[in-house]
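Engineer: Given the coordinates of chain U, assemble chain W onto it according to the supplied hints.
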Amino acid sequence: MGKLVINQNFVTDEIVKELEKVCPFNAFEYDGNELTINASCKNCKQCIKRGPTGVVIYVEEEEVISINKDEWVGLTVFVELEFGKVHPVVFELLGKAKELAEKINHPLYAVMIGSKEQVDTNKDELLCYGVDKLFVYQDKLYEDFNIDRAFECVKDFIEQIKPSVILYGGTSLGRSFAPKVAAAFKTGLTADCTSLGIKDNTDLVQVRPAFGGNIMAQIICTKTRPQMATVRYKIFKKPEKELPHGEVIYMSTTEINKNSVIKLISKIKKEIDVDISEADVIVACGRAFKNEKDLSIAYELASLLGGSVACSRPLCEVGLMNVKNQIGLSGKTVSPKLIFVLGISGAIQFTSGMSNSDMIVAINNDPNAQIFDHSHYGIVGDVFKVVPELIKIIKESRGE
Amino acid sequence: MNVCVCIKQVPASSNVKIDPVNGTLVRDGNNTKMNPYDLYAIEMALKVKEINDCNVKAITMGPPAATAILQEAIWMGCDDGYLLTDRKFAGADVVATAYTLSQGIKYMGKCDLVVCGKQTTDGDTAQVGAELAHFLGIPYVCYVDKIIEVKDKSIVVRTNLDKTYEILEIAFPCLITVEKNNESPRLPSYKRSVQYSDHQVHNVTFDKLFDVDESRYGLNGSPTQVEKMFNPIKDDRKVMLNDETESYASQLAELLKDKKYI
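Residue numbers (the working numbering), protein chains in the order written: chain U, 16 to 415; chain W, -9 to 252.
Chain U on its own, in the form it takes in the complex (with noise of 0.2 angstroms):
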C-alpha cells in the first residue's frame, strides 16, 4: 500500500486552487508556506487524476504482509435464518457466488448456525441452490441469533476453510454482524454492493453508491482475505433451484466459545401496517376508484407484490381512504422501488410527493393525462380491465 505525498516545490498559490477544486473531501490544508493532506482524505486519488501534473504523487510502499491468495479458496455466503426459515436473500447471493465461483473455478460454501431443528427444516433446501459444500454449526444454544456466538463460529470457519469471500444479506442483522468479522480479521467489508464481479486473480469487484446514491463507487480489497460485502435484498435475481450435488458438514462445536455478555430478554415481532413513506412498492389509487369494490383490486395487487396502497387527496375527501394514506403535498412523500399509479391525473400537488420513486408505472384513460410525463411506463387504458387480468398473470405464475 502507498501514500500520496506532496512535491511542496510546486505549490503555488494556484496550484493548491486547483487542487482545491479537483478534490471531493477538502482534505488539502495550506498554511501559505506548506500544502498538506488532511485526515479527510479518502485516498480517491482524484487530486492525481485530474489535478495538476507531478504536484501529488503516488509513492507505493513495500507491503508488510502480503498473504497468498491461492489458499484462500471458495466463495461463500452467510446463511441468515429469519423467524427460523432461510432468508430469502441468502438465495439470490447463493445464484451471484455460483456465477462468480464458475468464473475462477472455485467451489461455492454456504455456513449456516443454528439450532438441529432449524438445521434440519433448510439444509436441504439450501443445496438446492449449487451449494458444493454446506458447513453446519448446530447447537441449542444457537436457536436465537447472538452476536457474539456466531462470531465464533464464523472465525472458525475462516481458519480452518480459509473461504476467498463471504457475502452477507444487507439486512439490519448482517449489516451489524459482518463488521465484527470484519474488524476481526482486519480485512475489507463492503456495505450493499449493487454489483459484484470477479478478477483472475480472485480479487473481488465490489461497486456501490457513494454520496446518498449520486456516484458509483468501484472498491476492491487486494492485500487481504476473506473479502467481504453486504448486499441487500433484491438486488440479485433468485436463482432457478437445481438438482442438489454438495454435502453438509457438520462442524464441532464443543471447543467453540458459547459466553456472551448480551442476553435477549424479548422478541417483539413487528405489525404488517407499513408506514407507506416505508413501503418498496405502492398501489395508488386516484378519482378513478368510486367504491370499496373498485379499491379491491388495488388492495389484491399490493397484497400480491408485498406493498401498501396509497392514493391521492380525492379518495381521502370522499372518505374512502385514510388521510395517512395520502401521497403529495398535503400527504406523505414516498420513494418506493415500484409505484403503480391508477386513475390519478397527476397535478404536481400529487406527484411531487412520489417523483423520486425508482419505477413509476401509470394507467390511465386521458392520453393527455400529466401523469405520464412523470412515469417510467404509461399505459393508455383502462385500469379495471388492465390491473385485473396483470392479477391473473402474477396468480398463476406462482402456480395459485
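Just so you know, these hints were derived from the structure itself, not from any lab. A portion of the hints provided could be inaccurate.
As a list, the in silico EDC-like pairs of lysine to aspartate or glutamate whose alpha-carbon atoms are at most 16 angstroms apart [said to hold, decoys possible]: (1) Lys339/U / Asp290/U; (2) Lys32/U / Asp46/U; (3) Lys143/W / Asp203/W; (4) Lys352/U / Asp373/U; (5) Lys252/U / Asp248/W; (6) Lys253/U / Glu140/U; (7) Lys278/U / Glu159/W; (8) Lys352/U / Asp248/W; (9) Lys60/U / Glu217/W; (10) Lys282/U / Asp135/W; (11) Lys352/U / Asp290/U; (12) Lys285/U / Glu159/W; (13) Lys153/W / Asp46/U; (14) Lys249/W / Asp373/U; (15) Lys131/U / Asp163/U.
Anything over 10 angstroms on all C-beta distances counts as not near chain U; from chain W, calculated [claimed, not checked]: (16) Asn45; (17) Gly67; (18) Lys96; (19) Val118; (20) Lys153; (21) Lys181; (22) Tyr186; (23) Asp188; (24) Asp197; (25) Tyr251.
Simulated restraints, written as ranges between beta carbons of each label pair [unchecked claim]: (26) Asn380/U / Asp152/W: 34 to 40 angstroms; (27) Gly99/W / Asn274/U: 22 to 28 angstroms; (28) Lys96/W / Ile280/U: 26 to 32 angstroms; (29) Lys23/W / Val338/U: 31 to 37 angstroms; (30) His189/W / Lys282/U: 41 to 47 angstroms.
Predicted model only: the values in this text are computed from it and were never measured. Where a beta carbon is used, it is the ideal one built from N, C-alpha and C, also for glycine.
Structural biologist: Below, chain W alone, put in the same frame as chain U:
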C-alpha cells in the same frame, strides 16, 4: 460512569456528480454539518446522563474544521470534546477509521458506554460502530431506538430491526449504535455556547496515541481501495406501452419479472 459519543462532520449536501467532459467530481457547495444520525446518538447519551449522572464526552476524527461539530455537541450538553486529527489518519476506510477511534477512546481514559449514530450520510456503511466495538474489545448492539433501563452494571435497550424489535440487556462496558427515533435531538443551547465560549477541545494527534504503528492508520491501515468512481446509469426511459402485439397486462408482468417481483 463515563460515556463517549462518536460523531462525524459530513458534507451538507450529497449533491455530487461527475462532470461528463473532464471527469472531475462536481460538488454542490462546500458546506458541512454534523452527521444527522449523530444528533440522535448525542441525545441518547444525554438521556443516559439524565437517568444516571455521568460524564459525556464527544469524539470525532477529521480535519481541524471538525472542531465545529465538537462545539455543537458541547452546546447540546456534552461535557468535553476530542478531535483526532493528523495527516497520518488520511485515507482511512472503515477498518482504519474504527481502529483510530478506538485508540482515541483509549487516550480519553476509562469508558463504560460508547454511543454512535447508526451510520453517516456520506459513507453510509453503518459499519464503523461495530468494528470500533471489536477493537475496544467490548460487546455492541446496533439499531438501538430506546433506552429501557440503565442499571449499575448493564443497560437494557430496544433495537429496531427489519421485522422485529428486540429487548436486550448488555453488560458495561459496551457500545450501542442509535437508530433515528421519537426523541428529537435537543438544539444547541445559547446559554451553554456563552458558558463554553472559551473552551478548547482536545486535539489528539498521532504521536499521542498508544499504538504508534503507522501501518494501522490512514491509507496504510485500510484494506479496501476505491478503484474508480462513476455516474450511476440513470433510468430516464419514458415508455408509452401499446397493446398491438401483446396485452398491457402481460407486458407489465414481464416488467415485474425483470424487477424480481414475480
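Engineer: Now tell me, hint by hint, if it's right for this structure.
Structural biologist: Hints, verified against the model:
As the CA atoms of Lys339/U and Asp290/U are separated by approximately 8 angstroms, the hinted pair is consistent with the 16 angstroms bound. About 13 angstroms separates the Cα atoms of Lys32/U and Asp46/U, which keeps this hinted pair within 16 angstroms; it holds. In summary, the hint linking Lys143/W to Asp203/W is not supported, as the alpha carbons are separated by about 34 angstroms, beyond the 16 angstroms threshold. For the suggested pair Lys352/U and Asp373/U, the alpha carbons sit about 5 angstroms apart, so the restraint of at most 16 angstroms is met.
A threshold of 16 angstroms between alpha carbons decides the hint, and for Lys252/U with Asp248/W the separation of about 9 angstroms falls inside it, so the pair holds. Between the alpha carbons of Lys253/U and Glu140/U the distance comes to roughly 13 angstroms, so the proposed pair stays at or under 16 angstroms and holds. For the proposed pair Lys278/U and Glu159/W, the alpha carbon gap of about 5 angstroms is at most 16 angstroms, so the pair holds. Taking the CA atoms of Lys352/U and Asp248/W, the gap is about 13 angstroms. The hint holds against a cut of 16 angstroms.
With a C-alpha separation of about 9 angstroms, the suggested pair Lys60/U and Glu217/W falls inside the 16 angstroms cut-off, and the hint holds. Distance restraint check for Lys282/U and Asp135/W: the Cα-Cα separation of roughly 14 angstroms lies within the 16 angstroms cut-off, and the hinted pair is therefore satisfied. With a C-alpha separation of about 15 angstroms, the suggested pair Lys352/U and Asp290/U falls inside the 16 angstroms cut-off, and the hint holds. Restraint check: the Cα-Cα separation between Lys285/U and Glu159/W comes to about 20 angstroms, which exceeds 16 angstroms; the hinted pair is violated.
A hinted pair counts as satisfied when its Cα atoms are at most 16 angstroms apart, and Lys153/W with Asp46/U does not qualify at roughly 52 angstroms. A C-alpha spacing of about 11 angstroms is found between Lys249/W and Asp373/U, which places the hinted pair at or below 16 angstroms, so the restraint holds. Restraint check: the Cα-Cα separation between Lys131/U and Asp163/U comes to about 19 angstroms, which exceeds 16 angstroms; the hinted pair is violated. With a least beta-carbon separation of about 23 angstroms from chain U, Asn45/W lies farther than 10 angstroms from that chain, consistent with its non-interface assignment.
At roughly 26 angstroms from the closest C-beta of chain U, the C-beta of Gly67/W stays outside 10 angstroms, upholding its exclusion from the interface. With a least beta-carbon separation of about 15 angstroms from chain U, Lys96/W lies farther than 10 angstroms from that chain, consistent with its non-interface assignment. Here Val118/W does not stay apart from chain U, with its beta-carbon only about 8 angstroms from theirs, under the 10 angstroms limit. In this structure Lys153/W is not separated from chain U by more than 10 angstroms, as the shortest Cβ-Cβ distance comes to only about 6 angstroms.
Every CB of chain U lies more than 10 angstroms from the CB of Lys181/W, the least distance being 32 angstroms, so the non-interface label holds. Look at Tyr186/W: its CB is around 24 angstroms from the nearest CB on chain U, clear of 10 angstroms, so calling it non-interface holds up. The beta carbon of Asp188/W is kept farther than 10 angstroms from every beta carbon of chain U, the shortest such distance being approximately 24 angstroms. Separation of Asp197/W from chain U is adequate, the least Cβ-Cβ distance of about 15 angstroms exceeding the 10 angstroms criterion.
For Tyr251/W, the non-interface assignment is contradicted: its Cβ lies about 5 angstroms from the closest Cβ of chain U, within the 10 angstroms cut-off. A hinted range of 34 to 40 angstroms for the beta carbons of Asn380/U and Asp152/W is consistent with their spacing of about 39 angstroms. Between Gly99/W and Asn274/U the beta carbon distance is about 27 angstroms. The supplied range of 22 to 28 angstroms therefore holds. For the pair Lys96/W and Ile280/U, the beta carbons lie near 31 angstroms from each other, so the given range of 26 to 32 angstroms is met.
Look at Lys23/W against Val338/U: about 32 angstroms separates their beta carbons, and that is inside 31 to 37 angstroms. Under the hint 41 to 47 angstroms, the C-beta atoms of His189/W and Lys282/U, about 44 angstroms apart, fit the expected range.
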